[in-house]
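Visitor: Sequence:
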Amino acid sequence: MPKVQPASAVAPETAILRRPVVASSGRRQDLDGLRGVAIALVVAFHVWAGRVSGGVDVFLVLSGFFFTGAVVRGVERRGGVSARVTARRTVRRLMPSLVVVLAAIVLATVALRPYTQLGETAAQTLASMFYVQNWYLATAELDYLAPDPSVSPLQHLWSMSVQGQFYLVILAVLAGWAWLRRRGAAGRPALLMVLTGVGLLSFWYAASGSAQHQAWTYYDSFARGWELLAGAALAVAAPWLRLPRRMRGLAAAVGLLMVLSCGPIFDGAIQFPGEAALWPVAAACLVIASGFGVAGVAAWPNRVLAGRVCTELGAIAYPLYLWHWPILIFYLAESGRAHAGLADGLIVIGVSLVLAYATTRLVETPLRVPPTGQDSPVVRQRPTGVLVNALAVAVLASALGWQLVLRANPAVPPQALDVDRYPGAAALLSGAEYSPEPMRPTVFEGQADSPPPTTDGCITPNREVRTCVYGDHTATRSIAVVGGSHSEHWIPALELLGVEHGIRVVSYLKEGCPVTLADQPSYGEWPFPECHEWSVEVLDRLAAEPPDWVPTLSTRYRTDGLGDEVPGEYLEVWSAMQDRGLNVLALRDTPRLRRDGVLYRATDCLAHRGDPDSCGLDRADALDAVDPAAEPAAGYPNVYLLDLSDAVCRPQRCRVVEGNVLIYRDEHHLTASYARSLAPELGRQIGAITGWW
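Numbering (the UniProt record's numbering), first residue to last: 1 to 693.
Derived from the structure by calculation, the hints contain no laboratory data. Some hints could be false.
[Unchecked claim] Cβ pair distances, simulated, as ranges: (1) Trp-204 - Trp-692: 44 to 54 Å; (2) Glu-631 - Gln-415: 34 to 44 Å; (3) Arg-407 - Glu-511: 16 to 26 Å; (4) Glu-312 - Glu-511: 43 to 53 Å; (5) Leu-201 - Trp-692: 50 to 60 Å; (6) Ala-620 - Ala-172: 52 to 62 Å.
Ideal Cβ placement from N, Cα and C applies to all residues, glycine included.
Based on the sequences and whatever the hints tell you, model everything.
Guide: This is the structure:
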């Protein structure tokens, strides 16, 4: 937000417009209104469409424009960057509302959500307070999904982190420019060239990254930089941009139309910040540029944006953005609904608006008054400032304290369980008798009870093909486990079989990548050519040094219905393996925990008044009555099916605990402990196919 200036100091890019779009302070009210339209789109699309509207991208452009413009004008007035003043003003503008919302989220999590979520909430709270939430999410490779109860109430704060990081970097850049300017070595043209060059480089990085690894690129500050730099470049170029009156009207109208149409046309969660993001960024730039021109009456789109409805929304845009997402997520989590309908969506928006207005009136406004003035502003600031500081200390102390507790008491999952007390799958298959024991792994141990490749670094997050060996390293018989994490979670069972029967178990694993020969398979949420390239290299390596057998997946859950299916892309892989002379052990995929299409964690459910049965799901909802791979596999002489569904599910119900052993470590991955209990049944089926024992 630009520094408030007296009318005599109005910047050239704003002085050329007459009221009503320029206030006496020199503020572009139409851009305040654009911010209001953008936040309205963000909220509406989040609540009702579960999509990214492009409103955040508009915010990023405006942030780059306002912040850079204010600092550049300050340099031209004073000759240097007042870094301390700028930082203090920015912190005063951003932190109080953020602290209030973070405190509310922490309290709501403690009061309403399973205690198993406290650690993740604490970690994301710290990441948000220190403006690194985007990197936290990128590192965790979380996807910006449609809002549902399994999504973090802090996930939306990635954009605030990107902006905060940009402010620090651009402030340093402008300080360097100011130093050169004082020596006559650089003016606005040089600065514009630098910002444009870096922006183009960032855009190239974003476009290539979105095509290769969308889940990471979405949160990447370097990939988002070009959107902020577009606004920054406009702020620097403002004195030279003069549009005729008709061109201004056309630019404003086209820009506003593009802003409004962005959400329906694009699904930003799977397309931004690559080439598709040019649409909202260009839209914001057109509206900004419509204010550059010869003196005259502002165009009608600018006057509409400068109207009371839009500007009032713009005035509360920041706190409304902070509040609406956690309100929505907590509502969905408590109601058990996958999405909000018309009526409850209106209630969510209404509550968000009330909280945003209250935050603006009671928190932001008292702290934004200048240090001198009438009505004793210091008196008005003091109680609000004390409260915000106290909340900040409390939030930091609680989040950091819980993280320290967790680090001091790390979850250590069992490496082996007594099969008499913890029979696991044997309780289903053989009816083994056992006495009730405390569940292992516990709800805190569950997430950490992962297969060896996760802890060994043998499942790659990138294009690299990594191989690791388990089982009997010296054996002549070999199997090669290929695919993603749903192939990986069978490694504990295969490792036991390898040691027992003399088999080399070689892993070829990539995160989120079932073997595929398509850039965007039908089950994929976004293009993932990196997976395709990795898969081709793995298949070629297997053809060069063929193992005896290749275990991989045969089925996948239906995303738009009940049960499971065989995607067409799996059949293409079977054909490719057949062409390469590879014998396939095709494993039926394990059920995923879903209610009304919403994934949920077994550990969260158990920690939130659930039990093994209530936290499970009907078998008919998760699995077809007959293995859907049976019919297509009959046409492939190299494909042999493995189905361990009866070792995971009862005839009518798939529970989350069997034989005192927790089955799931999250929404759909087996715990290593339960996978080890599956080894006897997996070995029986493999032995019947291979004749090895």
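Visitor: Indicate, hint by hint, whether the structure satisfies it.
Guide: Here is what the structure says about each hint:
1. Trp-204 - Trp-692: 44 to 54 Å: 52 Å, holds
2. Glu-631 - Gln-415: 34 to 44 Å: 40 Å, holds
3. Arg-407 - Glu-511: 16 to 26 Å: 24 Å, holds
4. Glu-312 - Glu-511: 43 to 53 Å: 45 Å, holds
5. Leu-201 - Trp-692: 50 to 60 Å: With Cβ atoms ~55 Å apart, the hint holds.
6. Ala-620 - Ala-172: 52 to 62 Å: Since Ala-620 and Ala-172 have Cβ atoms about 60 Å apart, the given range 52 to 62 Å holds.
Hint compliance for this structure: every hint is met.
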